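Asker: To convert a position in the sequence shown, counted from 1, into the working numbering, add 3.
Treat the hints loosely; a few may be bogus.
Unchecked claim - Restraint-style ranges between C-beta atoms, simulated for each label pair: (1) Gln81 - Lys160: 35 to 45 Å; (2) Asp12 - Thr40: 16 to 26 Å; (3) Gln22 - Tyr61: 14 to 24 Å.
In short, the hints are calculated from the structure, not lab data.
Quick caveat: nothing in here was measured; it's all calculated off a predicted structure.
Virtual Cβ for every residue (Gly too), placed ideally from N, Cα, C.
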Amino acid sequence: MIDMVKIIDDIPSFQDACQVCAEYGTVDLELDLKKVTQEEVNTVPLQTWHQDGSHVRYFPKYSALWCEMAEEDAPITQIISTRLPDAIAEKYLYEWVTMDFKKTIDEGSFYKFKKKSHARLYAMKANKTPMALVEADEKGYFTRWCPFMKDDEGKYKQLGDIILARDITTIEWKPNRLVIMENHATLHRRKPGTYNGDRVLWRAYIK
């Protein structure tokens, strides 16, 4: 089990990276965006914190990125834990929430669609099934809170305040680096800032 993130260098190909990922579960490559390029960086300069797969048919345990190429000043990836102390988590047990994918589309804070029709189709297909706000595994409680969760009344603001006040883990990219993130109990985002270098990443989900 990966606690938060595992970094493995000198993985020579994406195929080899997938073989490593298979040690942690079933690898899924049927993704909407398997290859992440500079185009995504340029069109969404300030990406929101998120978990991979929130919009699809299942929620992957791990999310993996393998770096094909990265220039010296390439954008970084940031990761933050969503684990909760028992006393906080137990206040929110049996609460169910949904994600506001329309908000992220309208704000352009997650992915920039080239056509409005593509954005509408994505919003229609996105998973709108209510999900448990707090879950648990062998390491304890974690939350599905993220910035685009529906919370019109600010009922769950405390969770956001706790998570966003935490130390951030920063991943710098270099060729042949594989990063496997614990997707259930973390949030991550791309952080361009003033980074101008190019990079190409390949993504896989692990069930």
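Asker: CB of Gln22 to CB of Tyr61, is that within 14 to 24 Å?
Answerer: Cβ of Gln22 to Cβ of Tyr61: about 22 Å, so the range 14 to 24 Å holds.
Asker: Can you tell me whether the CB distance of Asp12 to Thr40 sits inside 16 to 26 Å?
Answerer: Because 21 Å falls inside the window, the suggested range holds.
Asker: Range hint 35 to 45 Å: satisfied by the CB atoms of Gln81 and Lys160?
Answerer: Distance hint for Gln81, Lys160 is violated at roughly 21 Å.
Checked against the numbered hints given earlier, the structure breaks only hint 1 and satisfies all the rest.
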